[in-house]
Amino acid sequence: MGWVSVTLQGDTARLVHIVRPAGQKPRVEWVASQPMVQSPALWVQLRKRWQLDKHHVVAVLPRGQYQVVSMEAPDVPRDEWISALRWKLKDVVDFPVDQAAIDVLAIPGANPESPVRSVLAVAAPEERVRPLAEQCQDAHVGLEAIDVVESGLRNLCALTGDAERAQAMVRVGPMDTQLVITYRGELLMVRYIDANSAQVTDPDDDVRQAVFDRIALEAQRTLDMCERLFSYANLGGLWVAPGLGAPGLVEYLRDVVYVPVAEMKLDEVLDISRVLDLSTPEAQSAFSAALGAALRVEPGVH
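For the sequence shown, the residue numbers in the numbering used here are 1188 to 1489.
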């Protein structure tokens, strides 16, 4: 069956369907995009056109509609983390947290048995999450999860390199650049950089140089911090997600950072042979968040 992810960013809805055949690369069955219309009409259209009632469905909140905060793990049982962190988030996020949707991602330690010392708290205001859930319910879409862009990028990054070493990935998006670092399939760090896809492809050499400088500086700082905080993770490399400016950014970063740098080749980590719509770097970049979200493991599968 697999997952169908739906990202709602700007004026476009993008969908990806991925299945995970045993012993093979995850396979992209199809991708699709369509202009946004007023919800819940959008979800009715999507359900009918793409048979969403026959798949596990995950919706991805747009960047800017939630916050991701690094915090110390509460000294309580794991099933009480959300309650314990809710009051701490009051002084960190810029919206009321009493009814906010909150999830907690554990940051892995040196080994699976190590106690969790740090977490990433993901918080979204109720007025962003509740309407989405209600629209899906009204459209008879069985929404099973609501995710964030960073979790999808984690899933993509986790496909690269050696799983027993930390891997970093830079993704230049339409709003900003995200840098994620994963270890054993989980997020270690998330950073945001003031650089977007229009800037890294700007025809002006000076503009591109300034943007590359910003990305490289923040990447170096973040990698250094990762080595200090998580020395056990043994950083293996930095990957640049597909995009029109990726080759130039790769070449620039190779001269600056101290770990191997390479462009992520989507066809090396995913089976995209059935999907002609992912044949260009521009398309691969546009669908990156949806691809990552659709890499969720099916319920009951480990």
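Read the hints as simulated data drawn from the structure, not as lab findings.
These numbers come from a predicted model, not from an experiment.
Do not take every clue at face value.
[What the hints assert, rightly or not] Here are the in silico distance ranges between beta carbons for each label pair:
hint: 1; residue 1: D1278; residue 2: K1235; range: 21 to 29 Å
hint: 2; residue 1: G1372; residue 2: P1447; range: 17 to 25 Å
hint: 3; residue 1: K1275; residue 2: E1373; range: 18 to 26 Å
Heads up, the beta-carbon is just placed ideally off N, CA and C, and yes, glycines get one too.
So, going through the hints one by one against the coordinates:
1. For D1278 and K1235, the hinted distance range of 21 to 29 Å is not satisfied, since their beta carbons lie about 45 Å from each other.
2. Between G1372 and P1447 the beta carbons are some 20 Å apart, a value that agrees with the proposed interval 17 to 25 Å.
3. Checking the proposed 18 to 26 Å range against K1275 and E1373 shows it holds: the Cβ atoms sit about 21 Å from each other.
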